[in-house]
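Using the sequences plus the hints, can you model the full thing?
What follows is the residue order along each chain.
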Amino acid sequence: MPTSEEKIEDQQKTGVKRHQRILQEIVEEEASETPQLSLDWMEHNLEWGVRVKPGKKGLTIGSLNVGIYGEVPEYHEDRTRALRGAYPSAERPFIANINLRHKRELWADNAADLYEETIQKRWVPATDIPWDTIEPLPDDVERAMCQLCTELCQQANVEYETVAGWIQQMSYGFHEVKVFLASEVFDAARHFDVFRKRALSNGGGLGLESRAEVDRVILQSNNDWTSTCLFLHVLRGSFTQTLYRYGEMFAHNPAEKAIFARCLQDKARHLTYSLAHIKYSFSEQPRKERVFQRVLDIAETQMVRDLKDPVLPESLGVIMGNGVEGVRTGMRRVGNLLGDFVRTYLANARYVGLDRSERLAEGLAVYRDM
Amino acid sequence: MPNTTVSAGPGVTYDEHYEPKLDWMDSKGQWGMKAEPGKHGLTLEDIQMDSYGEAPESSSIRSGRQRGSAAREWNYRSGAYYVNSKQDVWLRNAGGLYEEALQRQWSSATDIPWETIKPLPDDIERAACQFTTFLSDIEFVAADIPGRWVATISPDYLETRMFLMTQMMDEARHLDVFRKRALSNGGGLMRSSEDTMGGGVVSIDMARDFSEMSARVHVIGESPVLTIFRTGELLAKNEAEKRIYRLAAQDESRHVAFGIMHMRYIGQTEPERREEIQTYLDEGEEYLFSGSAVGSAGTDRSSTASMAVLLGGGKDKIDEGWRLLMAINRRQMREWVQRVKSAGFEERFTNGRAHPEVLKLLRN
Chain P
0 MPTSEEKIED QQKTGVKRHQ RILQEIVEEE ASETPQLSLD WMEHNLEWGV RVKPGKKGLT
60 IGSLNVGIYG EVPEYHEDRT RALRGAYPSA ERPFIANINL RHKRELWADN AADLYEETIQ
120 KRWVPATDIP WDTIEPLPDD VERAMCQLCT ELCQQANVEY ETVAGWIQQM SYGFHEVKVF
180 LASEVFDAAR HFDVFRKRAL SNGGGLGLES RAEVDRVILQ SNNDWTSTCL FLHVLRGSFT
240 QTLYRYGEMF AHNPAEKAIF ARCLQDKARH LTYSLAHIKY SFSEQPRKER VFQRVLDIAE
300 TQMVRDLKDP VLPESLGVIM GNGVEGVRTG MRRVGNLLGD FVRTYLANAR YVGLDRSERL
360 AEGLAVYRDM
Chain W
0 MPNTTVSAGP GVTYDEHYEP KLDWMDSKGQ WGMKAEPGKH GLTLEDIQMD SYGEAPESSS
60 IRSGRQRGSA AREWNYRSGA YYVNSKQDVW LRNAGGLYEE ALQRQWSSAT DIPWETIKPL
120 PDDIERAACQ FTTFLSDIEF VAADIPGRWV ATISPDYLET RMFLMTQMMD EARHLDVFRK
180 RALSNGGGLM RSSEDTMGGG VVSIDMARDF SEMSARVHVI GESPVLTIFR TGELLAKNEA
240 EKRIYRLAAQ DESRHVAFGI MHMRYIGQTE PERREEIQTY LDEGEEYLFS GSAVGSAGTD
300 RSSTASMAVL LGGGKDKIDE GWRLLMAINR RQMREWVQRV KSAGFEERFT NGRAHPEVLK
360 LLRN
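Top to bottom, those sequences are chains P and W. Each residue of the first sequence is one higher than the last, beginning at 0 in numbering that gives the first Met the number 0. Each residue of the second sequence is one higher than the last, beginning at 0 in numbering that gives the first Met the number 0.
Keep in mind that the hints were calculated from the coordinates and are not lab data. Here the structure is a predicted model, which means the values were calculated and not measured. Even for Gly, the Cβ is constructed at its ideal location relative to N, Cα and C. Be a bit skeptical, because a hint or two may be false.
[Unchecked claim] Listed next, the stretches of chain W that the computed footprint assigns to chain P, with coverage defined by at least 3 CB atoms under 8 Å from CB atoms of chain P:
#1 58-71
#2 147-159
[Claimed, not checked] With the C-beta cut set under 8 Å, the calculated list includes, among others, these residues of chain W facing chain P:
#3 39
#4 132
#5 167
[Stated by the list, open to error] Within a straight-line C-alpha distance of at most 30 Å, the following computed DSS-like cross-link-like pairs (lysine-lysine) qualify:
#6 W/117 x P/56
#7 P/120 x W/38
#8 W/27 x P/307
#9 W/27 x P/256
#10 W/236 x P/52
#11 W/20 x P/307
#12 P/52 x W/314
And the structure:
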């Protein structure tokens, strides 16, 4: 299998040949009369003389934030798709549906770096997972593993459906966030892809669809991006992250280990952005504490309803008990997993400034000390 | 009766005392799937087996259920999937385009030899900055809008959705790389694009049908930009710029391929929509070849003028730049004709419907 550098080199060679043919045709074109071309745009610039140089991580998008180009506005007046720092063009219509124009609604200082990290750490389910290491598993374990994969596909599905819909509403004054979230959508597509592939590659298939209580509330949180982040990342993201961690711990082969490890790395980035954003948003509007706490009340209620459905917990029990016979041991580990999830969730909520210790839903509080 | 346990019961706690029912084990999709990796690894095509590979003509999914998984009859209808007909979104091999996109991801931070950018005469640097401002400005439109559609398409058509998400990533990189170029050589961003005010982008935003959106984004919008990226050798002043255009062309060609193949699918499966599609193509040709698009004969556009300066090698050589720009414009037209023919809508070139400039080119 060629390396990605070799692939790029091959593509360059093919591209160059094609370009040479096209260029030859163009150069041979006959002259035509030149109309009067206005060059007034040559004076239309707000700051000139910018010369950003690549650093040790190359030329990163965050490094471009110099002079006026780095002035991230508290409120981005422009409702068009004009770039931050560009000379405004008169009379652009407000056709795009850009509603999020306050910095506090979407910003996180780390978005630019996380975007570059996504690109540097890119991976390909088709070729970066050692699929040939997957060996047949006992029927009950395979069935449970396929159920977990079905659940994780659906979680990824909700993530990309939600985030992809929000990006268009975000102002171009905050392009770092837009490009980072495009990379999150891309990650989520890859997660969907890899878990579907795992389910269909070892004699099994997909299982039963999710109960989707939390999915529903994430999808319907379409009035405020910060609330979406609380649902999608602080609550659901903490859960997904814990599932990935345990998935890696109880992997049956190098392929599964690689799948969970890669997904875990991606998920950490999503949470890192989101926690930074919520913390910033909360610090800018502390009066919203009651709103944010209420959002998490709702999120926890839905999570408890999801957990009443035994399909995912029991499938985890079978996986971690190494079969139906060991399911009691497995269920004890499920309790540990849920305990880790609850503690991670509480820590994440605390990090953004929301103390849940006295408000945690009873159905989650039982796991706090497991 | 529900096909599995609805609830583990009130106040249930999962620990070693929990009594599992395990009745979900019998609720599953088709079993016995054993996809094997091929020479390109384990691709989406490799897992299109039996029921998992069958995208239905009409999708009944209303929850977030995935194609091939077992349904819970009582689940919420939480998915807002109003695009639930295969004809509306399908094409042959969207999965292949998705896999190709993953294989060909690149990094604007480290795969571009930024150190090869050297100071340029002021007029050329201004033209380079104007043109890259324009490209950075327009490229992410093709992420914003496909993103809007991802959640509206039924999960039964997962290959289409997956491709659109790779496009979002590609366009993020294009916004990013052209901004980097504008801010890396002693210049800065220039005037915001006027071109996004024109018929092209506005009608993309207004499209309320997936096929219309795809025709406007992938075929009408991205086709002329692809030609420009392919001729980027003429615009580029250094190896960094050449590589930017080559890599961006690779991405853009996947997006155009998606649009062409979807258009072909509609033409074949929904002949009653051919006239509607031809109307989009009419508008596209009007937009592309009547003086309002990049590389067109337009005289009032900063992007057109900046290209002429770049191609000629300075504002005092704008005549030479204009000659090359017109050649690129004709190249755009020729490639347009090839793509429309490939999509199966070639009758417009023989029945006199095509734009007069296109017909003139074909006659010559």
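Quick rundown of the hints versus the structure:
1. 58-71: holds (count 9)
2. 147-159: Answer holds; 5 residues pass the 8 Å Cβ test.
3. 39: Constraint on residue 39 of chain W satisfied, holds at 6 Å.
4. 132: 6 Å, holds
5. 167: 4 Å, holds
6. W/117 x P/56: 20 Å, holds
7. P/120 x W/38: Holds, at roughly 23 Å.
8. W/27 x P/307: This hinted pair holds, its Cα atoms lying about 20 Å apart.
9. W/27 x P/256: Holds, at roughly 24 Å.
10. W/236 x P/52: Cα-Cα ~18 Å, so holds.
11. W/20 x P/307: 13 Å, holds
12. P/52 x W/314: 27 Å, holds
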